[in-house]
Amino acid sequence: MNLLDIRNLSIELDTPNGRVLAVDRVSLSIKEGEVRGLVGESGSGKSLLAQAIIGVLEDKWHVHADRFHWRGIDLLRLTIDERRALLCRDIAMIFQEPMSCLDPTTLIGEQLSEAIDSKQLSGYFWQRKKQRKEAVIKLLHKVGIKKHSQCISSYPHQLTEAICQRVMIAIALAGRPILLIADEPTATMESTNQGQIYRLLANLNQLKNMSILLISHDLENLTHWTSTITVMYSGQFVEAGTTEQIFNKPMHPYTRALVDSSTKANLQLPTKSRLMTLPGSIPILQHLPIGCRLGPRCPRAQQTCVSAPKVSNFHGHKVSCHFPILHESPRKESKKHKAVKHKTVKGNN
Amino acid sequence: MLTFTLRRISLFIFTMLVLTLLSFSLSFLFPGDTVINHSGQINATASELVQLNKAYQMDKSIVDQYGAYLTHILNGDFGQSMASQSPINNEIIELLPATIELSLVALLIAMVVGIPLGFIAAINHNKASDNVILSLAMLGYSIPVFWLGLLAILVFSIGLGWLPSAGQISLLFEIEFVSGIQFIDILLSDSPYKWQAFSNASAHIILPACVIALAPATIFIRLSRAAMIEVLAASYIRAARAKGLSFQQIIFRHAIRNALIKIIRHVGLQFANLVTIAMVTEVIFSWPGIGRWLIESIYQRDYTAIQSGLLVLSCFIFIIHILTDFIYAALNPLARGNQHGS
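Sequence order for the protein chains is A and B. When you line the first sequence up against my numbering, it's residues 17 to 365, in that order. When you line the second sequence up against my numbering, it's residues 73 to 414, in that order.
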């Protein structure tokens, strides 16, 4: 069963010039024990989506969804407080720039211990303090911090970014979550620390069967750690499938471009030649193109692209494009896509 | 912490040196003879003048003169008041504690009222209560203090008769002068009417302190509102929400302390403003403080008193400034310890 099932989630922003649709009908589903990657450029709305799931967006953002199920419970039927209580118990989130996500004036130990729910502690109230401290130390050991007493009695600015991120993970683990949302957890770190954090997350996934939603802009790095990947562009759903499908046989021109721009997939390229990139840059929120938002930059765009494409499903490989790049033999595909492919070939000629 | 303290002390010493330089130069700028401005002895005989010239080393270079002036000040000799011909340091010792008492009580009222109101406004940002608090703050800031003081006397003393209109304590009570701060003296005295005196002194201080506190309180409202809005938008508050903490827990455990840190530095700055308001208010409420004395000295062209009064008041303001710096360091772990490159 799907742990999290979101269908057509939209996020709107109130601006002085009316509402802007920042995230346009994105679907996302996460299975139990799965590591799902969420890839997109910065500004593609992936952090927004994550914050909307956990419900920490500010009031100026408005979220709508056709379906929002958590372990079979329809969250749209619950009130905001009930939803928050349910989600905060089961979902934890770690953010980018961990140092700014820790209160600069509170000791690490205090911040950790307040994340521990008092329901987890047994015993009388005079034993609680000691139990809390033991639980904190245990959590720090879990995330690989051995010098726990030093860490407990320091302030965030006295620790490195990587240690802070470990503390954030420890705080997230305190609630014993089923799903961990990691929003670019290594954005400001060196590569050795990046590897450590990703390995820690992978261990947690394997040992505790914790599902992880890993948000990143780095498709190539993400392929090492995820089993399935969802790609977003400028607030729109692009493509979803297993990591192999996305990385080896991308069907959407945008995913194709992402893969082409990574070094690993282009080892055969001669030295000092340029990597393939899409022309232009991601559109700003005030000037979004209609229809498929990739339209103006897309090498395969045609007139049809001014209307938003529907999501089509190829054996679990979902893609939202009028003219997907098809790797399989044409026989297997629907009539519509035959026609589309025919058109594309003509267009290329 | 030791380095922090040493830095503050050295800053204090150098600022005081600059201040004495200023008050020293005032003697030259004021009309009249420099040595008489220094000492305040307007009726000095010829032999006394020779003695004074020698004491202030008027025949030597200006650096020596400054050195002599500094020695006099460090020995606690501010000269005589030109108006009353009594030593100024005695007058200051009698009057300054009353001003300290009044301004500290006013500061306390301003903080206790202003900061929570600002927090409430920030928490209800862009709602009705926010707008009400902000407009009240604007209104309070725009009212001139001398008019407000008279209005307060008119309403609460004459109209309603709740509070006394002038003085520090009723003349009926005889309190021995120990520290000069009325409340401490009352508590130290062994008079049988100690508590009646205490309540009488409290009744006397309420009205002037509230009048002084109004303008700083409105500034504190705006400062704390801005600080709280900034803190509530910070990512550690969002992370705390994602952690599953309730709104009250977030406010009381994380937001207030961080917002206070941003405000506490401004308290020291606002204190100078508050003392200026206190001086005017002392005149209105006949409070026997140094502000009223200073303003009277200005009327009487008592140059020696003006000089020393300015020096003492600015020294007091600066000490409060340093104290707020220490409170800031105690609250903010980032300010403690060695700061390299800053």
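Just so you know, these hints were derived from the structure itself, not from any lab. Hints should not be assumed to be uniformly reliable.
Said to hold, decoys possible - Which chain A residues face chain B? A few, computed with CB under 10 Å, are given here:
| # | residue |
| --- | --- |
| 1 | Arg105 |
| 2 | Gln112 |
| 3 | Pro114 |
| 4 | Ser116 |
| 5 | Leu118 |
| 6 | Leu123 |
| 7 | Gly125 |
| 8 | Met184 |
| 9 | Ala218 |
| 10 | His233 |
| 11 | Asp234 |
| 12 | Asn237 |
| 13 | Gly332 |
Since the structure is predicted, the reported quantities are computational estimates derived from the model, not experimental observations. Beta carbons are placed, not taken as given, at the ideal position from N, Cα and C, and that holds for glycine.
Grab the minimum C-beta distance from His233 (chain A) to chain B and call the hint holds if it beats 10 Å, violated otherwise.
Interface hint status for His233 (chain A): violated (18 Å vs cutoff 10 Å).
Using Cβ atoms only, decide whether Leu123 (chain A) comes closer than 10 Å to chain B, and label the hint accordingly.
holds (9 Å)
Let's test the interface hint: is any C-beta of chain B closer than 10 Å to that of Gly125 (chain A)?
Violated, about 13 Å.
Hint status (Cβ of Asn237 (chain A) to nearest Cβ of chain B, threshold 10 Å)
violated (23 Å)
Restraint check, 10 Å cut-off on beta carbons, for Leu118 (chain A) near chain B
holds (6 Å)
Hint validation: Gly332 (chain A) versus chain B, beta carbon distance must be below 10 Å. Holds or violated?
With a closest approach of 31 Å, the Gly332 (chain A) hint is violated.
How about Arg105 (chain A): closest beta carbon in chain B under 10 Å, or not?
holds (7 Å)
Once the shortest beta carbon distance from Asp234 (chain A) to chain B is found, is it less than 10 Å?
Violated, about 21 Å.
Given Ser116 (chain A) was flagged as interface, is its beta-carbon under 10 Å from a beta-carbon of chain B?
holds (5 Å)
Minimum beta-carbon distance criterion (10 Å), Ala218 (chain A) to chain B:
Check failed: Cβ of Ala218 (chain A) comes no nearer than 22 Å to chain B, outside 10 Å.
Pro114 (chain A) as chain B interface residue, shortest Cβ-Cβ below 10 Å
holds (9 Å)
So, as I understand it, the hint says Gln112 (chain A) touches chain B; can you test that by seeing if any CB pair is closer than 10 Å?
holds (9 Å)
Hint check: violations occur at hints 7, 9, 10, 11, 12, 13; the rest are consistent with the structure.
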